[in-house]
Structure formats: C-alpha cells, structure tokens
Amino acid sequence: MKAAPTDCARRLLLAALPALCAGCQSTSSARTRQPPATAALPPAAVRFTDITQQAGIRFRHENAKTPVKYMLETMGSGGGFIDYDGDGWHDIVLMNGTAIPGSKVQGRPTLRLYRNNHDLTFTDVTNEAGLAVPGMYAMGCAVGDYDNDGREDLYVTCVLGPSRLFHNLGARFHDVTARAGVDNASRWGASSAWVDYDKDGLLDLFVCNYVKFKSLADHRPCYAGDRKPVYCAPSAYDTVRCTLYRNLGGGRFRDVTMESGIGNSQGKSLGVTVWDCDDDTWPDLFVANDTTAGYLFHNLGNGKFSEIGLEAGVAFDEEGNAHSGMGIDCDDIHNDGQATLVITNFWAEQTSVYRQAGPNEFHNDQSRTTVGPATSEVLGFGIMFLDFDNDGWKDILQVNGHVQDDVQEREPQITHEQQSLLFRNMRNGTFTEVGRASGRPFTDRIVGRGCAWADVDHDGRVDALVTTNGGPALLWRNETQNPGRWLALRLVGARSPRSGIGALVIARSATLRQRTLVRSGSSYLSASALEARFGLGPDEKADLEVRWPSGTVDRVPGVRAGRIWTLREGSGVVK
Amino acid sequence: MARGKNAPSKPPQKLHRGLLVLLVLAAGAFVVLLPWRQRMLAEAERLERVAAAGRAQEQRLRSLEAELEKARQEARSRPDSFDARFRLARMAADAGLIQEAAPHARDAARLRPRDVEAQLLLAEVERRSRRYYEAVRAFKQALRTEPGNPRALAGLASLYVTFGWPLEAERLLEPAVRANPDDLGLKVALALACLQHENYGAAERLLQEVRRRAPDEVRLWSPLVHLYNEARRHREAAAAADEVLAKAPGELAVRNERAIAQFRMDQHAAAIQDFKQVLAAQPGDLTAHYYLGLCYERTGQVQDAVRELEQVHQLRPDYLQTRAILGRLYLRAGREAEGRRLLAEYARAEARSQRHLRVSYNLAGKPDSADAHWQRALAYREAGDTPHMILELRRTLELDPAHARARRLLQSTPPAQAGSPAASGTP
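As they're listed, the protein sequences go chains W and E.
First residue of the first sequence? That's 5 in this note's numbering, and the numbers climb one at a time after it.
First residue of the second sequence? That's 10 in this note's numbering, and the numbers climb one at a time after it.
Do not rely on the hints blindly, as some may be mistaken.
In silico SDA-like cross-links for lysine to any residue, where the CA-CA straight-line distance does not exceed 20 Å [claimed, not checked]:
| # | chain 1 | residue 1 | chain 2 | residue 2 |
| --- | --- | --- | --- | --- |
| 1 | E | LYS79 | E | PRO112 |
| 2 | E | LYS79 | E | GLU57 |
| 3 | E | LYS375 | W | ALA378 |
| 4 | W | LYS579 | W | GLY154 |
| 5 | E | LYS375 | E | THR171 |
| 6 | E | LYS375 | W | ASP153 |
| 7 | W | LYS216 | E | THR171 |
| 8 | W | LYS218 | W | LEU252 |
| 9 | W | LYS232 | E | SER378 |
| 10 | W | LYS203 | W | ASP153 |
| 11 | W | LYS232 | E | ALA65 |
| 12 | W | LYS218 | W | ILE418 |
| 13 | W | LYS216 | E | HIS365 |
| 14 | E | LYS375 | W | LYS308 |
| 15 | E | LYS375 | W | ILE418 |
| 16 | E | LYS285 | E | PRO112 |
| 17 | W | LYS216 | E | LEU366 |
| 18 | W | LYS216 | E | ARG361 |
| 19 | W | LYS232 | W | ARG112 |
| 20 | W | LYS579 | W | ARG564 |
| 21 | E | LYS375 | W | VAL72 |
| 22 | W | LYS216 | E | ALA360 |
| 23 | W | LYS232 | E | ASP377 |
| 24 | E | LYS375 | W | ASP204 |
| 25 | W | LYS308 | W | ASP204 |
| 26 | W | LYS216 | E | GLN384 |
| 27 | W | LYS232 | E | LYS375 |
| 28 | W | LYS232 | E | GLN384 |
| 29 | W | LYS308 | W | ARG224 |
| 30 | W | LYS232 | E | LYS285 |
| 31 | W | LYS232 | E | GLU183 |
| 32 | W | LYS545 | W | VAL578 |
| 33 | W | LYS216 | W | ASP187 |
| 34 | E | LYS375 | W | HIS223 |
| 35 | W | LYS232 | E | ARG214 |
| 36 | E | LYS375 | W | ARG564 |
| 37 | E | LYS375 | W | ASP187 |
What the hints contain is simulated information worked out from the structure, not anything from laboratory work.
Since the model is a prediction, treat every value here as computed from it, not as a measurement.
Could you build the full structure based on these sequences and the hints that come with them?
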C-alpha cells in the first residue's frame with residue numbers, strides 16, 4: 005500500500021524535474037564563480053629552494069631539552085621579518101630559548117637578527133643591534149612601529165620571565181619593557197599582534213597566553229603508557245586570559261585586558277589573526293586555542309570586545325570539540341569579499357577551514373576545500389596564506405611537526421619530523437596539495453613551528469621563513485617559474501598607524517578583484533612582512549583603494565605591476 | 010465544415026487543458042509538500058521502530074518475570090541458601106533490576122566470600138549501582154581467591170579504564186598478560202587501557218595480535234575499529250569494521266564506529282544508512298542520534314539535525330558538545346533565544362569541564378597521588394557526580410588515611426543512590 009504513492013510521487017517528481025532544474029541552473033551558476041581569464045593560463049611550476057646555508061643563516065633553535073620534559077621545550081619557537089634598518093629590505097629575526105635547570109645548553113643562546121645584504125645573503129647583526137639579551141626563553145614575536153617614528157619595533161613573547169618590547173632607535177634596539185609596562189606579567193606568552201583596536205592612530209598590543217605556567221615549579225609530570233615522561237598535553241594546565249595593552253602614547257601602555265572584555269574569556273591561546281569580520285571598519289581578533297573553544301573577539305568600537313566564537317561558528321570543530329588550535333590565518337582567499345579562516349590542529353584532527361557566510365558568521369569548509377582531509381596525517385603549527393605563483397589567488401603553506409620527540413617509539417606510523425604542505429588555490433573553492441612537486445623544502449621532514457612570508461630578494465615572488473623546534477631556521481626562496489605579474493604596496497600612515505597596520509587594501513585589475521588587510525600577527529609565533537601584496541596573473545596594472553583605519557580613503561588608479569610601491573596616507577599617489 | 014468538424018473536439022481539449030493545469034498544480038503542491046511528507050513518514054517509521062522494540066522488550070520481560078518470581082519464592086523459603094540468593098541476584102541483574110539484585114548479591118558474597126562467581130556478580134551489581142569502590146573491592150576479593158582469574162582481571166581493568174585510571178589498569182594487566190600469553194581477552198583489556206592512555210601503538214599491536222590469532226572472533230578484536238577512529242585512521246577503521254560486520258552484522262557499536270569513520274570521510278549517505286540501522290535496532294542509541302544529527306547538519310538538513318540532537322540533549326543534557334552544535338543550529342534556524350541560551354550554557358559548562366579535564370589528566374599520570382584523587386573528587390563534587398566523588402574520596406583515604414578533608418567530605422556525603430543505570434550509547 006505504501007509503495008504506490010511513493011512510485012507515483014517519484015514519477016511526478018521526475019516529470020517536474022526539467023522545470024525544477026531550469027531554476028536550479030541559474031542558482032548554481034550564480035553561486036559558482038566562473039574561473040576568470042587567468043584560469044586559462046597554465047599553472048606555474050611551483051618551486052621553493054632552501055637557501056638557508058648560502059644565505060648565511062646559521063641559527064639553531066635552543067629548546068633546552070631536559071629529561072624532565074617541560075612543556076615549553078616543545079612549543080617554540082617563532083621568528084619573522086623586520087626591516088630593522090629601514091633600507092626597504094626584509095631582515096630576519098629569530099626567537100631562541102635559554103638554559104633551564106637540567107638542560108645541557110652550550111654558550112649563551114639569544115635571539116638572532118640577520119641583516120639582508122640585498123643579494124640573498126644575510127649578516128648576523130644581533131650584537132650590534134642590541135638584541136643579544138641572555139636569559140630570555142623567547143617564543144614568538146610581533147613587528148610594528150608602536151611610536152610612529154618610522155622604525156619597526158619588536159615585541160618578543162617569552163615564558164619563564166617577562167616578555168620584552170624592543171624599541172628601534174635606528175638599527176639598534178633598546179629594551180623598553182619596564183617603561184612601557186608590557187611585560188605580560190611573566191605569563192607564558194605565545195603569538196602576539198599589533199593592532200590599533202581603538203583607531204586612535206597608535207598600535208595597541210594583543211598577546212596570546214598559553215597556559216598557567218610562570219615558572220618551572222608549575223610543571224606537572226606527565227607520562228606515557230610505558231611510564232616514560234612525555235610532554236604534557238595542555239589539559240594538564242589551567243586556562244589563562246589573553247592580554248590586551250592599550251597604547252597611551254609617549255611610549256607607555258596600559259593593561260586593558262579586563263576593561264576591554266578580553267579578560268572575560270579564559271583559554272589556552274597560541275595563535276591570533278586580525279580581520280574585520282563584519283565590515284564595520286573595527287578590527288576583530290580570531291584566536292586559536294589549544295583544546296579550548298576558539299575565540300572571535302568582536303570589536304564593539306567602544307573600546308570593548310565581545311567574545312562571539314560560538315555564535316560565529318568558529319569555536320569548535322564539526323563534532324563539537326574544541327580545536328587543538330596552534331596556527332591561524334584569515335584572508336579573502338576566494339576573492340569574493342568573504343573571509344576564510346584556517347586553524348592548524350593536532351595530528352589526525354585536520355586543519356580547520358571556515359568560510360564566511362555573512363557578518364560574523366562562518367561555516368565549516370574543511371572537507372569541501374580538501375584542506376581538511378589532506379592534513380589528516382600531520383600535526384600542524386604555522387600556517388599562512390600567500391600567493392606563491394602570483395595568479396591572484398592566495399594559496400596556503402602549512403608547517404608541521406609533532407610535539408613528542410619520541411612519538412615514533414609508541415606510534416610507529418607517526419614521526420616527530422613531518423613534511424610541510426603547500427596548497428594551490430584551484431580558484432573554485434578547493435585546494436590541491438602541490439608540495440611534493442615543489443622542491444625539497446616540502447619533501448624533507450622538519451619539526452616545523454612558525455612560518456612567515458616576505459619577498460626577501462624583491463623578485464616579486466614571495467619567500468618563506470620557517471622555524472623549527474630544536475633545529476635550524478629555514479629560508480625557502482620561491483623560484484616558481486612563469487609566475488603571474490604582481491605588485492606590492494607599503495603604507496605610511498599619517499593619522500593612522502605609521503606602519504600601515506589596519507589598512508584594508510583593495511586591488512581591482514582587469515580580471516581580478518582582491519583585498520587584504522595589512523596586519524601583524526597570524527600564523528604561529530611569527531611575523532610576516534607589513535605590506536599588501538597582490539598577484540595579478542596576466543594583468544599589467546591594478547586600481548588600488550586603501551581604506552585607512554582613520555577613515556581616510558586613498559584611490560590610485562592604474563598602478564603598474566612589477567614593483568614595490570609606497571603610499572603615504574592621504575596623498576593619493578604611489579611612489 | 011472545417012469548423013464543424015473541429016467543433017466536437019473542443020470540449021475534450023478544454024478538459025485536457027484543465028486536467029493538465031490540475032496535474033501541474035498537484036505536482037507543484039506535491040513537490041512543495043514532499044519534504045514535509047518525507048519527514049512525517051520518517052518520523053512514523055521511527056516511532057514504529059521504537060514501539061516494536063518496546064513490545065519485544067516487554068515480551069522478554071514477561072517471560073523473565075515468571076522465572077524471577079520462582080527465584081524470589083525460593084529465596085524467601087531458603088533465606089540462608091547461597092544458591093537461592095545467588096540465583097535471584099543473577100536473574101534480577103540480568104533483568105536490569107539492579108536495586109533488587111544488590112542485597113541478594115551482597116548476601117551471596119557474604120555467605121561465600123571465597124566464591125569467585127559470587128564476587129564477580131557482586132562486582133557487576135555494585136558497578137551498575139554506581140557503588141564503584143565496592144565494585145573494585147569485590148573484584149579484588151575475587152582476585153585474592155584466584156589471582157589469575159581472567160574475568161576478574163579484565164573486569165577490574167575495564168573498571169579502572171572507566172574511572173580514567175589507565176595506569177592502574179596497565180599495572181594490573183601487564184603481568185597477567187605475560188603470565189597468560191594465550192588469553193586473548195586479557196590482551197584486549199590491556200589494549201583498551203593503552204587506548205585510553207592514547208598509547209595507540211601498543212593498543213594496536215595487542216589488538217592486531219588478537220586478530221591474527223583469532224580472525225573469526227571478530228567481537229573480540231572489534232575494539233580495533235574504535236582505536237582506528239580514535240587515532241583518526243578512518244580508512245582503516247572502516248575496513249576493519251567491514252570485516253567485523255560481515256561476520257557479526259548485529260554488532261551495533263561497530264556499526265556506529267563505521268558510520269563515524271564514514272562521517273569523518275564525508276561519506277554521509279553511507280553513514281546515515283548505518284546510523285539508521287543502529288537506531289532501528291536500538292532506538293535510544295545516543296551515539297547514533299548524535300552523529301546522525303551531525304550528518305544531517307553537514308548535508309544541510311537542518312530540521313532533521315535539530316530533531317536528532319534534541320533527542321540527545323533531552324536524554325543526556327550534560328553532554329557538552331550537543332549544546333554547542335544544537336545552539337548553533339537554533340541560531341541558523343532563526344531560534345535566536347534558544348540558541349543563545351544553549352551557547353551560554355555551553356560556555357559555562359566548558360569552563361567547568363576544563364577544570365575537570367585538567368584534574369583527570371593529572372590523575373591519569375599519577376595514580377598513586379592522594380592529592381590527585383582528592384582534586385578529582387572535588388571536580389566530581391562540582392559536577393554533581395556523587396558516586397564518582399565517593400570513589401575518589403575513598404581512594405584518597407586509601408592512599409593517605411590522614412587526609413582529613415577527604416574524610417570530612419566523605420562523612421558528610423549521603424551514600425550514592427543505587428540503581429541509576431547510565432544511558433546507553435554515550436556519545
């Protein structure tokens with residue numbers, strides 16, 4: 005009896021299908037972005053080469069391993085790009101650990117600064133620059149000109165002691181932590197970001213704090229099933245608040261963690277990225293938390309934030325579990341005006357991908373993009389969007405490495421050192437992993453932690469700095485053949501922060517409409533170049549629009565490809 | 010003439026047109042109503058499944074009741090008979106009447122303290138009564154009588170695993186496995202302890218050995234499927250589950266695991282089919298409801314997802330993740346107030362859960378620390394879980410008899426209510 009109406013229904017439905025499909029077609033073609041003209045170009049042959057040795061970068065991260073296995077030994081460290089001498093070329097700064105009881109550390113490790121010699125070589129200038137500060141167990145860094153003097157300053161997050169602010173006096177740094185009041189109360193600082201959250205033209209400072217661990221006395225012993233000590237999972241420790249410092253001007257900051265609402269949430273924060281999620285011009289903050297719900301601090305525009313990660317759909321994974329969030333990035337990678345957020349996760353948990361569906365609303369997109377399944381067998385840390393072939397569609401680089409150095413003894417199929425991944429944006433909402441065919445950096449295994457981008461040789465192709473735990477820092481030169489055209493824009497703020505942080509840059513070319521936000525933070529413990537870069541594919545020029553945090557809008561038509569341009573706020577011309 | 014010839018055919022044409030319009034309207038209405046009708050049919054089928062399962066259960070209970078009545082009479086007529094007490098306790102426990110079984114099981118164990126079967130039955134009854142410390146004691150008593158008893162070893166170890174004491178379980182089982190290398194059940198129990206410790210490599214080695222030695226004993230090594238899912242090796246989980254289900258299609262836990270693997274591999278149609286099959290056999294299976302809800306959410310069937318997750322939330326309101334997912338779904342469905350309420354609850358509960366997780370994690374690594382057990386007891390008190398709190402307090406006092414705060418808290422706590430069986434298929 006039940007079969008008859010069902011069959012009948014099926015026949016009627018089939019009869020109605022052509023009419024229904026006609027409607028569907030228009031909807032689907034509206035939804036599916038047609039590949040632009042650039043899609044006709046053959047994909048560039050992607051190639052990265054490890055030039056660390058020839059570049060003269062002889063850095064080895066000292067994680068101060070001990071038999072006790074303090075958790076901090078396995079979490080660092082980061083590094084980044086900074087133009088410390090203002091010559092327009094990206095220099096490199098690398099974070100480092102220090103001796104701790106029980107470790108066998110030789111010498112006095114400090115963070116290192118390498119000056120770019122403009123010929124793909126670098127010179128260690130740490131001592132001259134005043135950064136050879138012993139006794140810091142550094143984790144990550146953020147670069148920004150907090151006093152608008154035209155020189156990039158450096159904030160270094162630390163564990164087991166105060167984090168540090170180094171004021172750039174002109175190729176030489178001075179530790180101004182105490183005067184500025186930004187020591188982070190010796191919490192375990194992780195990633196950090198400069199952000200002008202109140203749009204007063206002064207960069208404020210946001211610091212992720214990981215877990216309650218101020219001294220080695222806070223250590224808790226953790227064991228594997230075989231009773232060997234292992235590095236603890238974050239579950240062993242209490243949650244903590246992130247820190248927000250408001251820049252008062254005159255080189256002083258005030259801790260506004262509680263009054264801003266940031267302090268209402270407690271988690272285990274490792275990564276932060278800045279984006280304006282509701283186009284209200286106020287910068288919001290995404291925070292990757294390790295085993296606690298992720299944050300989206302929505303900037304209310306009155307000096308306060310509201311944590312809306314749950315409502316926005318970015319707080320947990322598809323099964324309702326908190327991420328093991330490490331690295332994070334956000335950008336308009338589909339060139340459709342909507343943001344995509346990525347968060348790296350623990351082994352087998354896959355990198356989370358969220359696509360914006362509306363103001364402050366995100367949907368999980370990790371399966372559809374294929375990034376999720378392709379990251380099943382790695383433990384991800386640093387992640388960043390970068391357009392490695394300059395086709396106008398941002399790709400993804402992710403570095404990986406397990407936290408347990410002896411994991412293979414217990415789980416033979418898992419390695420401590422892991423391959424890095426490179427995803428090509430297929431321009432249709434999906435990605436393809438192309439690392440294995442892109443050179444040794446992606447076939448060699450490393451204990452990856454941080455990663456940052458910059459074009460170190462001004463050849464238009466964006467290069468990568470990768471940091472490892474207890475190993476070398478790596479500089480991967482982008483040698484992709486036949487990339488698309490490009491342009492880069494460096495911003496000089498007048499009423500807005502001088503380093504351009506917080507400016508939204510829109511590039512319209514013949515075949516593409518792109519946008520990005522100049523910002524500090526993102527990835528894991530790392531600092532990428534403070535500039536807006538656009539791959540233009542075959543297009544020879546682009547119209548640029550810069551929306552400054554101050555509200556000033558600069559429009560510059562017909563900017564030619566192939567150069568790094570500088571735009572001063574309010575001038576309307578590029579140089 | 011032509012007009013005249015054509016004239017008679019006019020009314021049928023009108024009729025055809027009218028019929029056609031009606032047909033199109035009907036088809037349109039049908040298409041509009043189809044999803045609603047499908048949902049109604051699905052709901053009707055689900056209710057029918059629930060009713061059928063209820064009827065079968067009722068029938069089983071009736072026949073058990075008759076035998077049980079006989080056992081009750083026997084126990085009444087022979088109050089000092091071990092056999093009568095034991096039989097009644099066994100039958101009542103099998104019938105799920107734990108409160109009735111408990112005093113008889115205790116009497117039987119008291120009458121013959123060296124009877125291993127009596128101690129094992131007592132352990133089971135105490136566990137199901139949520140008197141965990143007493144369950145441990147009964148298992149230990151059985152092991153004192155017969156140190157290598159594999160059921161006692163496996164039972165006690167699995168209890169330790171459920172307490173989150175995997176090192177205790179491993180400590181108990183490792184020598185037993187060495188002493189009884191051919192006891193596959195012990196190997197499986199040890200594997201489960203390793204699994205809880207996330208020592209996947211050791212657990213896999215043990216389960217693979219069991220699989221190799223007893224390939225047809227699929228139920229024995231089926232935890233391998235769970236292990237692969239836990240280790241996020243979903244392809245292997247699905248393949249192992251296929252093998253188990255080919256020989257034991259009624260293994261619902263394995264079917265759930267396979268469906269979870271399929272869900273995680275984006276094979277939603279297959280996963281939905283498996284979850285529905287589980288629910289047909291076991292309508293109250295929360296794992297199946299939960300993941301079926303997630304499958305529906307992933308495939309955009311928001312209302313179906315809401316229905317499934319609401320069931321889970323109703324039956325297990327303490328399950329944190331449901332609030333998060335359901336709250337989001339409510340928001341998407343425009344049920345703002347409900348959504349925000351659930352998400353706020355989630356946020357509050359998550360903070361508590363973090364604290365609990367921390368003490369549990371620390372305890373797992375330090376099973377002999379009185380303070381670690383005391384902290385866990387406090388976490389259970391905060392969560393309102395009195396039976397587990399009592400267990401942890403007693404363990405604290407076992408390790409540190411001078412722990413005054415633990416003693417005070419234990420003395421001020423009324424005994425845990427017996428006979429509150431946990432919901433089946435905890436997600």
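Return the numbers of the hints above that this structure violates; sort them in rising order. The structure breaks hints 2, 3, 6, 7, 8, 11, 12, 14, 15, 16, 19, 24, 28, 29, 30, 36 and 37; every other hint is satisfied.
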